[in-house]
Structure formats: structure tokens, C-alpha cells
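Enquirer: Going down the list, the sequences are from chains A and B.
For the first sequence, the numbering used here begins at 227 and goes up steadily by one.
For the second sequence, the numbering used here begins at 227 and goes up steadily by one.
Just so you know, the hints here were simulated from the structure itself, not pulled from any lab data.
Remember, predicted model here, so these are calculated numbers, not experimental data.
Any given hint could be a false lead.
If several chains are the same, the list does not tell them apart, and a pair holds so long as it fits within one copy or across any two.
[As the list claims (entries may be wrong)] With a cut-off of at most 25 Å between alpha-carbon atoms, the simulated SDA-like pairs for lysine to any residue come out as follows:
no.: 1; residue 1: K272; residue 2: G237
no.: 2; residue 1: K272; residue 2: V262
no.: 3; residue 1: K272; residue 2: E284
Protein chains: 2
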Amino acid sequence: MLRVVGIGPGGADQMTPRALAALRESSVIVGYSAYVELVRPLYPEKEFVATAMRGEEERCRIAVERAAAGEEVSVICSGDAGVYGMAGLVLTLAARERVDVEVVPGMTAACTGAALLGAPLTHDFAVISLSDLLTPWERIEQRLRCAAEADFVLCLYNPMSCRRTGYLRRACEIAMQFRSPETPCGLAHNIGRDGESGEILTLEMLRDANVDMFTTVFIGNSQTRVIGGRMVTPRGYRAEREEA
Amino acid sequence: MLRVVGIGPGGADQMTPRALAALRESSVIVGYSAYVELVRPLYPEKEFVATAMRGEEERCRIAVERAAAGEEVSVICSGDAGVYGMAGLVLTLAARERVDVEVVPGMTAACTGAALLGAPLTHDFAVISLSDLLTPWERIEQRLRCAAEADFVLCLYNPMSCRRTGYLRRACEIAMQFRSPETPCGLAHNIGRDGESGEILTLEMLRDANVDMFTTVFIGNSQTRVIGGRMVTPRGYRAEREEA
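Extracted from the complex, chain A is given alone in its bound form (with noise of 0.2 Å):
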């Protein structure tokens, strides 16, 4: 058997019950370097195969055989299983080879990181990354633009890398043609990590703000608010239309 399991942020805490039984359940756990070192206390006794950054077709490859040839394998990813995860990757080499996999959902950053921002996403959002590694630039941008002009809540992964600067900045520009330079934002930092912590601000200032890999950005719609130091989206209640 082979599962595919979203291990949420890091922390034990952040688990579902259910993906810490699949992870208990595999002989062998699979996985980017840093990812099998916020698991590897958990399952001490288990066998880890770690590979390094964008060795995720290897890594794959490697779960697929050994699931193949009669082991349980779990490949674990950052997050959520399916959000930019390796379930789709997966999947792919597993129907090849005819080995069943079952997927493991994880708490997202979308998720952890709105709630430590307050409610961003509690309206419509879209979920962009802006690595333009797999991805044209041209169709990032695209999505940028519908998304904004359609009043989205935008919530951004991978905002930036070594190799890319300048993304998030160009990705702030778009939203400010259809969104006001005040508009409420957020970055979610080091979510469930040592280094948690939540930062508001505004368009204008996100455009110029420092974020890394371990950032996740939220861009709130034309409601967003900034209530009690807290970014919220409101859904439309009474009582929210009163605040505004």
C-alpha cells in the first residue's frame, strides 16, 4: 500500500489522527530532507528515504517501486497531501505500476496561516503560487488578474526563492489595479514552526515587504477588514455589515 499524507505545518499537533495512523502503519516514509526531520522523532524505529529540493520525481519513483514490490510506503508532504503536494505526482507513476494509493489530506497553509492571521478566507478566494518553476509567468500573472478583478480573497504560496525576487511586488501591482492601496494583507510566517508569526499590513506595504519560502501571503477583497488587530473577510452577516 502506498499513501500519499499531508503532514499540516510540522508540529505533532497540527496531525490528524488519521495521518499519524498512516505514518505508523508504513515500514518505510518518504520524503523531502526537511520534511522527514519534523517526522522522524515521531517514528524513530521507521526507515527514512530522504531526497533534496526538486527531487520530487525521484522521490516518488522510489515509493512507487517499493510499494510495488510489497511494502507499506507513506511519501509525506509539507501542508496538505494535494495543495502543490506529491498526491498528483504520485498518482501518475503509481497507475503505471498498478499499485493502489490512498491520499491523506493535511492542514494547508491557506488554512493555518488564515487562522493565524484571523479570517481572511471565510468569502470566496483563490489560491496562487507564484513559482514560475512548472508554471508560465504569463499564466501566473492571468490568474492574478482574473482573481483580483473578481474580488477574490488571494492567498499566495511560494512567494518567493533564491532564484525569484520581484514576484510578489509584480503580484501586488496587478491587485492595485483593481483594489485600493489600503486594502487589508497578511503574511502567515513560519506557520507551526519555530518563528510563528502573523503580520497585517497593507497592499501598498506588502508590495515592499520581506517574505521567504516559508511565507504564505493573503491579499483580502474589497470587504476585508481589519477588526480588533485581526484581518477579516466578512461573509455578510448583519452584524458584520454594522462594522462596516
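Model the placement of chain B on the given structure of chain A, informed by the hints.
Expert: Chain B in isolation, oriented as in the chain A frame:
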């Protein structure tokens, strides 16, 4: 202390330890009656306050009042606390009373439903509620149109209620203006509860599909495929391109 707690789809195996701890530390647990019945067996010694459907404002007011009086209170939400949850309303009401609020995230249907179907959300996606109870339908249509045009995977909450029929049909017609009628789509029924099932079908079939208020709908993007009977949106890895 007041907490807004996402309990996930229902069963304790998809509630995070953090959410379970929040409930354990509460003396009063407030929620919609159907969700209260899911949680009551876990903590039979607690006081529960259940209100009917559409009782959201009443429920949140009770919770804020009791927390203001010094009690440990949790407001429970199905799925996540933020995604169409009570976090925004609670934060709004609590700010007036200067009550501290912690938002405890939970597994939302986008992630749990996606896992049931395969991996539909491995690329950029938009989450849209088809409920026009609090949002004008024209706004919902605009979001559907923009998201379909920009080739987001679509995840639709509240595709149907007793009062509303024909909304999913209209959403599919909008999507078909931009996507093939053969686009893979998925239905996640009764996620995490009795009768849980996933169903994969084409966009054209989805237009006439039976859904209810316990269904979450996924509409693939232009790249989404059915692989080994699962719904998979490729991220763009080489192994996935070989498949296409």
C-alpha cells in the same frame, strides 16, 4: 478565552490534536445542532449550546457573551474555522467586547474532498460558494466566469440547498464557455461521514448531476486528467507530461 474551532469533516480521526485540546479546555461548546451531535460523544461531560441552521449570529453572540463573563468557550465549525466558517463573525462580535479569540483551523472540504477523488487541487484553484444567501448571484457568476477563464481548478461549496436548484447547472454552463465538456470533474459526497463516496464524471455530466448540501464539487482545469480512475491535475513534472 474564546476559540473558534474547525472540527474537520466530522470524525475524530480528522480533528487535529490542537482542535481536540481546545475542546477539552472549554467548559462550553457552542455550535449548529448537527455539528454539536458530532462532538458531544467525545466530551459528554461538557455543556453544549446548539442553535438551528441560520442561527449563526445568535450562536456567536451567546459564545461571546459567555466568554466575556469569564468562561472558556469554543464555537465549533464543520471543516475549517475560517473557510465559510464562523471565525469572521466571532472576531467581529468579540472585538466589541474586547474578548480574546484564538482561531483553531480544521480540515476543509476542499482538501478532504480532493483527497477522496485523487489530486484535483495540485495546481492553482478557486474556492467559490454557490450559496446566494449572503452574496448576490451576479457576484458569484462573475467569480465563476473569471476563474474559469483563468483556468483555475474550481472547488464549489454549497452547490445546492432545498431552496436553491439549478445553480450547479448554471455554474457548469459558465465553465463550458471556457472548458471542454469532457473536462474531468468530481463530486465528494458525505466526506468523513457515513455514505462517504467520490464520483468522477465529465463537466457535461456534472451539469445534470445530483448533488445535495453534503456534496463538494470539483471542476478540473484544462490539464486535469483521469488517471487510474482518479482525478489528477498535473503540476507540470516531466513524468506527468509523458502521461498526457
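Enquirer: Does each hint fit the structure? Answer for all of them.
Expert: Quick rundown of the hints versus the structure:
1. In this assembly of identical chains, K272 and G237 lie within 25 Å of each other by CA distance solely inside one copy; the values are 18 Å within and 27 Å between copies.
2. Proximity of K272 to V262 under the C-alpha cut-off of 25 Å is restricted to the intra-copy arrangement: shortest distance 11 Å within a copy versus 38 Å between copies.
3. Only within a single protomer do K272 and E284 lie at most 25 Å apart by alpha-carbon distance; the minimum there is 20 Å, versus 49 Å between protomers.
Of the hints listed earlier, there is not a single one the structure fails to meet.
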